[in-house]
Amino acid sequence: MTDTLSLATHLPPRSLLAGALRRVLGHHGLMLGGIILLFVALVAIFAPLLAPHDPYAQNLSRRLIPPIWHAKGTWEHVLGTDKLGRDYLSRLIYGSRLSLMIGLSATLISGLIGTTLGVLAGYFGGRTDAVINYLITTRLAMPVVLVALAVASLVGGSLQVVILVLGLLLWDRFAVVTRSATMQVCHGDYIAAAQAIGCSTSRILLSELLPNILNALIVVATLEMAHAILLEATLSFLGLGVPPPAPSWGLMIAEGKQYMFFSPWVITIPGVTLLVLVLAINLVGDGIRDASAPENRN
Amino acid sequence: MLRFALRRIAVAIAVAFTVSLACFLLLHLSGDLATAIAGPEATAAQIDTVRRQYGLDRPLAVQFGDWLWHAVQLDFGRSYYFQDRVIDLIASRLPVTMILGGLALAFALVVAVPLGVVAAIRRDSWIDRLALLIAVLGQAMPSFWFGLTLIIVFSVQLRWLPASGADSWQGFILPVVALGYYATPAIMRLTRTGMLDVLGSDYIRTARAKGLRTGTIMFKHALRNAIIPVIALAAVQLGFMLGGSLVIEAVFSLHGLGYLAWEAIARNDYPVMQAIVLILAMIYILLTLGADLLNALIDPRIRVR
Chain A
43 MTDTLSLATH LPPRSLLAGA LRRVLGHHGL MLGGIILLFV ALVAIFAPLL APHDPYAQNL
103 SRRLIPPIWH AKGTWEHVLG TDKLGRDYLS RLIYGSRLSL MIGLSATLIS GLIGTTLGVL
163 AGYFGGRTDA VINYLITTRL AMPVVLVALA VASLVGGSLQ VVILVLGLLL WDRFAVVTRS
223 ATMQVCHGDY IAAAQAIGCS TSRILLSELL PNILNALIVV ATLEMAHAIL LEATLSFLGL
283 GVPPPAPSWG LMIAEGKQYM FFSPWVITIP GVTLLVLVLA INLVGDGIRD ASAPENRN
Chain B
2 MLRFALRRIA VAIAVAFTVS LACFLLLHLS GDLATAIAGP EATAAQIDTV RRQYGLDRPL
62 AVQFGDWLWH AVQLDFGRSY YFQDRVIDLI ASRLPVTMIL GGLALAFALV VAVPLGVVAA
122 IRRDSWIDRL ALLIAVLGQA MPSFWFGLTL IIVFSVQLRW LPASGADSWQ GFILPVVALG
182 YYATPAIMRL TRTGMLDVLG SDYIRTARAK GLRTGTIMFK HALRNAIIPV IALAAVQLGF
242 MLGGSLVIEA VFSLHGLGYL AWEAIARNDY PVMQAIVLIL AMIYILLTLG ADLLNALIDP
302 RIRVR
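Here the protein sequences come in this chain order: A and B.
Residues are numbered in this note's numbering as their position in the first sequence, beginning at 1, plus a constant of 42.
Residues are numbered in this note's numbering as their position in the second sequence, beginning at 1, plus a constant of 1.
Covered stretches of chain A (in silico footprint by chain B; criterion: 3 or more residues with CB under 8 Å from a CB of chain B, positions within the stretch not fixed): (1) 173-186; (2) 192-204; (3) 267-280; (4) 296-310; (5) 320-330.
Since the hints were derived computationally from the structure, they do not count as laboratory data.
Quick reminder that beta carbons are idealized off the backbone N, C-alpha and C, glycines included.
When you get a sec, could you build the whole thing from the sequences and use the hints?
See the structure below:
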């Protein structure tokens, strides 16, 4: 009892929060990433208001107009048009919806699978742990891109299929991280206390254990979201992800590929956009990790 | 050591079996293979013929058992599209992918290890920040887009290197960079963390106190210990790169195993797909097994666990 008391007086919650906030604000990467991510999220939400043109409207007389910084650019199409005369900026804006939606949904599915497996393995240990470890090893041995492509090609590429395939494939890191986090946490006194007063296992896992591994979970979630967005772009680039005419950034790069020798911007613009979004998500993840565990900042 | 090795090998074989079962089920449950092979315009009768001809009408367990029985003898049947034996196709394409993967790993190590070491020694200096920037960019860059950008810069604008093909050694430079860059961030971060850990240890302080030269301390004392976990990571990364080389091979039209897989997927060439997934998984399993055994050999503490 004295132990908990001294701890409580030593680390009052308010100063903990203030300390975390100070670390967040002191961390430029987290700020930068957060601002970019917020911006992309707002763009995705308000896409119909922000897009200057219909992202699907073709105009064959206005094909491959270069962006504004080019000598032949026009203000009507700030980032130019693609091979079918569709406004690049509008497609980019609507594409952010696809990337964010796929990233979030795939991460939700893989997070559910991975966290369940990881927590069970870490909490019960023994034979459960051995079986789940085996599942993780097996999953790691499967070539992700190849399996995702094969399944997408057999089922037929669509938004739902891409989300489902990525969600079912990317749970390994969730499982690995929550497993070791659970192992560290589950020997804590409060877990023993909950067991002693007869809490059910599901209650211990959900309301005692899960909140304490949440930090690690959020960090993995950001990394996996970035991973899922990159993989979606890869699948769409290879022609087996989101089908045309959807404005997926990966698909835009694939469609621009044959024109890239004379108009490099057709692949530079969606590529840089993808890079910036994934970078922002990674910065947020790294920042949260540093802010929540300053002792292992290496 | 022998017991540890035998146990790890048994697990590796079991994992290989499970991976092939998982891929088999995944392919069979994600759609009707006979319909996919026969094509969109096939009649019901044609689909039925295909189903019987390829033995797809048998129960799944029988199909899998049959496939596995032949697969362990390295007989993967004939390709539906190329009409060659699958094993011959793979044998002719594997060298390109192995060269690509091996060189990409070498590139990643040559870039990442020195950068990680210098970043650790000169912690918080501009070079540490540069290393961090390279790592962060590497994690965020889609590999296919990086490949295309390399083509635009070095093949189209500077005209230094060919944009595709494996006819000459120059053709490998851009794909190796594009694929190897992908493994750089992880290796660099681990080298840096390892070096920082080691540099703070007592035996480095002792070595400094003895008056040894800084170079000797860094390379003979620090790097040797910091590099141990990097070996295991490098093996895992090589496995990932071989699996991911499909994208790079597609961008640079390199006719390796990944390109073959892509062709097979586009044509529903199911025996080729299944064989390549199994072979890539086997290579990954062998690589991690090798890394585990090597680690256990270097560091006896691992064997006990």
